[in-house]
Amino acid sequence: MNRFDWLPELANRCQAANIDFTETEGPLGAARQWAVAPSDWGRMAQAASEQGCRWSALWAEQIDDDRLRVSACVCLCGDYLVLRTHVPLSAPELPSQTPWYPAANRPERHARDLYGVVFTDHPDPRRWMRHQAWDKDQFPLRRDFPVAGTVQGETPPDADYPFLQAQGAGVYEIPVGPVHAGIIEPGHFRFQAVGEMVLNLEERLGYVHKGIEKIAEGRDAAGLARLASRVSGDCAVAHAWAACMAMEQAAGVDVPARALVLRAILAERERIANHLGDIGAICNDVSFVFAHSQFLRLRELWQRGNQELFGHRLLMDGVVPGGTAVDLDDQKTDALRAQCEQLTRELNDLLPIIDDHPPLEERLVGSGILSSETARVLGAVGYVGKASGIDFDLRRDHGYAPYDQLHVPSPCQTNGDVESRLQVRVDEIRYSLELIAQLLQRLPEGPSCVEWRNPESGGEGLGLVEGWRGEIVSYVRFDETGHVARFFPRDPSWLNWPALEQLIHDNIVPEFPVCNKSVNGSYSGHDL
Amino acid sequence: MKIWALALLQSTAFVLLAPLFAGWVKWVKCRLQNRRPPPLAQPYRDLWKLFGKEALLSHNASILFRIVPYIVAGATLLAAAVVPLLAVNLPTAAIADVIVLTGFFALARFFLALAGMDVGTAFGGMGSSREMTISALAEPAMLLAVFTLAMVAASTNLSTVIEQVLSDGLVLRPSLLFALLAMCLVAVAETGRIPVDNPATHLELTMIHEAMILEYSGRHLALIEWAAQLKLMIYGVLIANIFFPWGIATTPTPVALLVAVAAITAKLSILGVLLATGESVLAKMRLFRVPAFLLLALTLGFVGLLSHIILEIR
Numbered sequence: 000m001n002r003f004d005w006l007p008e009l010a011n012r013c014q015a016a017n018i019d020f021t022e023t024e025g026p027l028g029a030a031r032q033w034a035v036a037p038s039d040w041g042r043m044a045q046a047a048s049e050q051g052c053r054w055s056a057l058w059a060e061q062i063d064d065d066r067l068r069v070s071a072c073v074c075l076c077g078d079y080l081v082l083r084t085h086v087p088l089s090a091p092e093l094p095s096q097t098p099w100y101p102a103a104n105r106p107e108r109h110a111r112d113l114y115g116v117v118f119t120d121h122p123d124p125r126r127w128m129r130h131q132a133w134d135k136d137q138f139p140l141r142r143d144f145p146v147a148g149t150v151q152g153e154t155p156p157d158a159d160y161p162f163l164q165a166q167g168a169g170v171y172e173i174p175v176g177p178v179h180a181g182i183i184e185p186g187h188f189r190f191q192a193v194g195e196m197v198l199n200l201e202e203r204l205g206y207v208h209k210g211i212e213k214i215a216e217g218r219d220a221a222g223l224a225r226l227a228s229r230v231s232g233d234c235a236v237a238h239a240w241a242a243c244m245a246m247e248q249a250a251g252v253d254v255p256a257r258a259l260v261l262r263a264i265l266a267e268r269e270r271i272a273n274h275l276g277d278i279g280a281i282c283n284d285v286s287f288v289f290a291h292s293q294f295l296r297l298r299e300l301w302q303r304g305n306q307e308l309f310g311h312r313l314l315m316d317g318v319v320p321g322g323t324a325v326d327l328d329d330q331k332t333d334a335l336r337a338q339c340e341q342l343t344r345e346l347n348d349l350l351p352i353i354d355d356h357p358p359l360e361e362r363l364v365g366s367g368i369l370s371s372e373t374a375r376v377l378g379a380v381g382y383v384g385k386a387s388g389i390d391f392d393l394r395r396d397h398g399y400a401p402y403d404q405l406h407v408p409s410p411c412q413t414n415g416d417v418e419s420r421l422q423v424r425v426d427e428i429r430y431s432l433e434l435i436a437q438l439l440q441r442l443p444e445g446p447s448c449v450e451w452r453n454p455e456s457g458g459e460g461l462g463l464v465e466g467w468r469g470e471i472v473s474y475v476r477f478d479e480t481g482h483v484a485r486f487f488p489r490d491p492s493w494l495n496w497p498a499l500e501q502l503i504h505d506n507i508v509p510e511f512p513v514c515n516k517s518v519n520g521s522y523s524g525h526d527l
Numbered sequence: 000m001k002i003w004a005l006a007l008l009q010s011t012a013f014v015l016l017a018p019l020f021a022g023w024v025k026w027v028k029c030r031l032q033n034r035r036p037p038p039l040a041q042p043y044r045d046l047w048k049l050f051g052k053e054a055l056l057s058h059n060a061s062i063l064f065r066i067v068p069y070i071v072a073g074a075t076l077l078a079a080a081v082v083p084l085l086a087v088n089l090p091t092a093a094i095a096d097v098i099v100l101t102g103f104f105a106l107a108r109f110f111l112a113l114a115g116m117d118v119g120t121a122f123g124g125m126g127s128s129r130e131m132t133i134s135a136l137a138e139p140a141m142l143l144a145v146f147t148l149a150m151v152a153a154s155t156n157l158s159t160v161i162e163q164v165l166s167d168g169l170v171l172r173p174s175l176l177f178a179l180l181a182m183c184l185v186a187v188a189e190t191g192r193i194p195v196d197n198p199a200t201h202l203e204l205t206m207i208h209e210a211m212i213l214e215y216s217g218r219h220l221a222l223i224e225w226a227a228q229l230k231l232m233i234y235g236v237l238i239a240n241i242f243f244p245w246g247i248a249t250t251p252t253p254v255a256l257l258v259a260v261a262a263i264t265a266k267l268s269i270l271g272v273l274l275a276t277g278e279s280v281l282a283k284m285r286l287f288r289v290p291a292f293l294l295l296a297l298t299l300g301f302v303g304l305l306s307h308i309i310l311e312i313r
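Top line first, the protein sequences correspond to chains Y and P. The first sequence maps to residues 0 to 527 in numbering that gives the first Met the number 0. The second sequence maps to residues 0 to 313 in numbering that gives the first Met the number 0.
Check the hints yourself; a few may be wrong.
[As the list claims (entries may be wrong)] Listing some non-contacts, in silico: residues in chain P with all C-beta distances to chain Y over 12 Å: (1) S10; (2) W47; (3) K52; (4) F104; (5) L113; (6) E138; (7) A152; (8) L165; (9) P198; (10) L213; (11) R218; (12) W245; (13) A255; (14) A261; (15) I269.
[Claimed, not checked] Which stretches of chain Y does chain P cover? Using the computed rule of at least three CB atoms under 8 Å from a CB of chain P, they are: (16) 281–290; (17) 359–365.
Note that these hints are calculated values from the structure, not bench results. Ideal Cβ positions, reconstructed from N, Cα and C, are used throughout, including at glycine.
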């Protein structure tokens, strides 16, 4: 199958529907670009949806004093098509893509809150990222908004968000969060329940909005990589890699082969660490504490290994523009192999217990089912998608270096329940260990980093990396002086948080924690 | 007079040692899970800390909310006074029989459930509703087990039951075996242990007992926690002393009492290990499976009763 062999068909479809678009040449890596007329923005989504494309990302940006550019990214068979359109700042109106892509709901509201882009037929008029830190007629990502913000003193509480209400005998409401009992990030969940049955769950996020997109502006490349490492702390490598990939595209910097392999090793280590922690946490949420402490121990040992080999437990700042800041000598390579062997040995003892433990199975099988159909409509990615039969993995399907040289097995399940999401994680740990072994074998000689040179004016790039949660899309544009003008990291959680609202249907209230943990969306990565 | 002093001493020991038993279970659990355990005295430190802290009250807490901790602690304390820990034939045992004992627990639970709903938070109401669902099934199961005992001994007085079992010697009575099993299941449900509830969880949405007491703090919380530890100990002692009464002092002599102390320590230690092992190998069951679990206890109690009538009445 060739790359983009579906694109002519989509073009025909658009022509038949009289959609005004032109293909533009652009340095957005392997992604193709179409310029779409603003009035056809919504119908373009319809055509893409009929073609079977998955909706992936949306971001806006102010390109000059009186125009906004909105870009949306759709994907089919691992090929990415970026749709772009311009709207005047004085009347930034666009038809919404949400009617055809539910996944676009929150990203469009995000763009509306932060840039003031009005999506005319958007089904949900409520604010999303905006709480009370700025007024509704202020748009923080526009150029005229100060980085420090405008609200002085304490931000008022966000008390009047209109949640969906349920009425009837015996219906009651359970507000949970934003502050939780465990040490986790803040987010609010509003349940409508009858007895123990969940009628509806609504998420309210945005409590950890840090203004990452705003403070990225004006940074140099190294500064942006540092920031990207911190978009979501458990996803430091993948976000930094995606940002660096975008920057390197923009600047035309060729990364040495050794650095690519090192990046992949870091990314796989990150995947293993997080999956280990998640498996333990899922077991803990059904009070199977034995597995919790064992997997916590394994993750701790693994992260100490990170510290020992790469100087940081979470591998932050290992990936830098132009390569990696870390390298492996023979001694470290041996140590890494030994760590992998030890982990494999321990997992061989522990995983059978997880696999075949009736009390655990009783809780996990059949809980929180996300049907394949719903997952497809929502565009779920990563282990959430894979557990529901969506066999998509950027490492294999988009084939970026160094994974294009490797065989990347993708574990796919069909049940879509908590057990499936656990099983995907278990399989991914095993595959990642194999990948690390393969990567170590083909670690090329040479430098691990090349000197960074600033891009020509207006350079832009699109980084696409399979993080441990799934597909990360990272857009970077530089200004004329070589500083960042726009950075938008699309964490996979944007696509997986809505899945949680769906998969909790028909479950009882006490099942929620384990369902939530099995999805484990990032609050920070989503709230930006 | 001396006998009353002994009874008082026994009740005091009960109250003072309850946190130690809870600490022991926690200690064993930690060891079974390859974790470094807290010192055995940790529950005492926690209680001490809580007693020293300010008790915060919600604005819409009624007087009920404030007195419930005392009612719960008082009712549990009375229940403890009825249960023979070291010696039988103490005057306190004659105050109330085993049905009243169940009643004390029901009284404490009733008020705790009210307090859970008093403040009006979603979690409190949720906890109360779940607690009532479970108790509605656990209490009949408990009573059936108790009736089996009562029929064996022809009395509902705990002292008499224990003496009867002692005088029977080492005879395997099917009725008592079934009653024991029923009692163990009820004990797990009533004391909020895995697989029914998890005393160590932080997940509000899955809690039962903890959800009811989420709003409590300071000395109120300390009293409720202490009562919960006491309840765990009461169930432990009931199982240990009714079904395995050997070692309990039948005469109040110093030697017999020393033997009783050693015996109950050994029995509770073993029970604690069993409980901790069970809690380590099991996961919590789905909430809607708990009724089936308690139905099993009820059935076991009923079978115990029947087997007594069919097999043991001559």
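Go through the numbered hints given earlier and state which of them the structure violates, listing their numbers in rising order. The structure breaks hints 9 and 10; every other hint is satisfied.
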